[in-house]
Amino acid sequence: MPQSLLPFVLFALVASISPGPTNLLILAHGARRGLRASVAPILAACLAAAAMVWGVGLGLAEVLLRHPLAQQLMSWLGVLWLSWLGWQLLRAAGEPLQAAERQGFGPLSAASLQIINPKVWLMAVAVIGVFAAPGQPVWHLALIFLLIALPCMTAWALLGVGSARWLQSPQRLRRFNQVLAWLLIASAWSALLR
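Residues in the sequence shown are numbered from 127 upward in steps of one, following the numbering used here.
Some clues are possibly wrong.
Said to hold, decoys possible - Derived DEER-like restraints, expressed as beta-carbon distance ranges:
#	residue 1	residue 2	range
1	Gly-185	Arg-301	39 to 47 Å
2	Leu-273	Trp-213	31 to 39 Å
3	Gly-232	His-193	50 to 58 Å
4	Leu-248	Gly-288	24 to 32 Å
It should be emphasised that the hints constitute simulated quantities derived from the structure, not laboratory data. Here a beta-carbon is modelled for each residue, glycine too, at the ideal position from N, C-alpha and C.
Using the sequences plus the hints, can you model the full thing?
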C-alpha cells in the first residue's frame, strides 16, 4: 500500500467504526438475530456506502450541490426514517429476544438507510474532496472503503451478539433498546441540525 493511502485508511477506519445510525441498528440486529442473520445487512450497508463514494467521485455530489432542495429533502427523509426506526426500537424495548426474531433490519433497509443518511453523504464528499488524487481511479477509494467498512460493521454486530446473553434479563433488554433508540434519534437529528 502506498504511503499516501495511510491517511485515507485511517479516515475510513474512523468513519466506519464510529457510532452512527447504521452501526447502532446492526448492533441491535446482532443482539436480536445473531451474526449469521446480520451478514446480509452488513454487506448491503457497506456496499451502499462504497457505491456512494464511487458515485460522488463520478460527479453525483455536483448534482446534489446544484439542487439544494433535493439535498434538503433527502436529509429530512433520512431523519424522519431514522426517527421512525428509533420509535420502533423504543416500542419493542421490552420484548424478549425470541419474540423479536421476526423484526429484522434487512439488506434493503440497511442500503436505503445509507443512501438517505446525511452522515454517509458527508463522508463520501469528504473522501473525494480530500483523498481523491488526479489519475487515481475513484473505484480504488470505494473498494478500500468497502474493505475497511466490512470488518468495522461486523464488529458492531459481534458486539450485539456478545451482549445477547446479558440481554436475556427483561430490564437490561429494555434499557439497552431504550439507549440505542435514543442514540439513533439523537444521531439523526444532530446530523440535520448542523
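TODO: Could you tell me whether the CB distance from Gly-185 to Arg-301 stays inside 39 to 47 Å?
DONE: Because 46 Å falls inside the window, the suggested range holds.
TODO: Go ahead and decide if the range 31 to 39 Å is satisfied by the Cβ distance of Leu-273 to Trp-213.
DONE: Holds, at about 34 Å.
Open item on the list: Taking the Cβ atom of Leu-248 and the Cβ atom of Gly-288, is their distance within the range 24 to 32 Å?
Closed with: Distance hint for Leu-248, Gly-288 holds at roughly 30 Å.
Open item on the list: Within 50 to 58 Å: is that where the Cβ-Cβ distance between Gly-232 and His-193 falls?
Closed with: violated, 30 Å
In summary, the structure is inconsistent with hint 3 from the numbered list given earlier, while agreeing with all the others.
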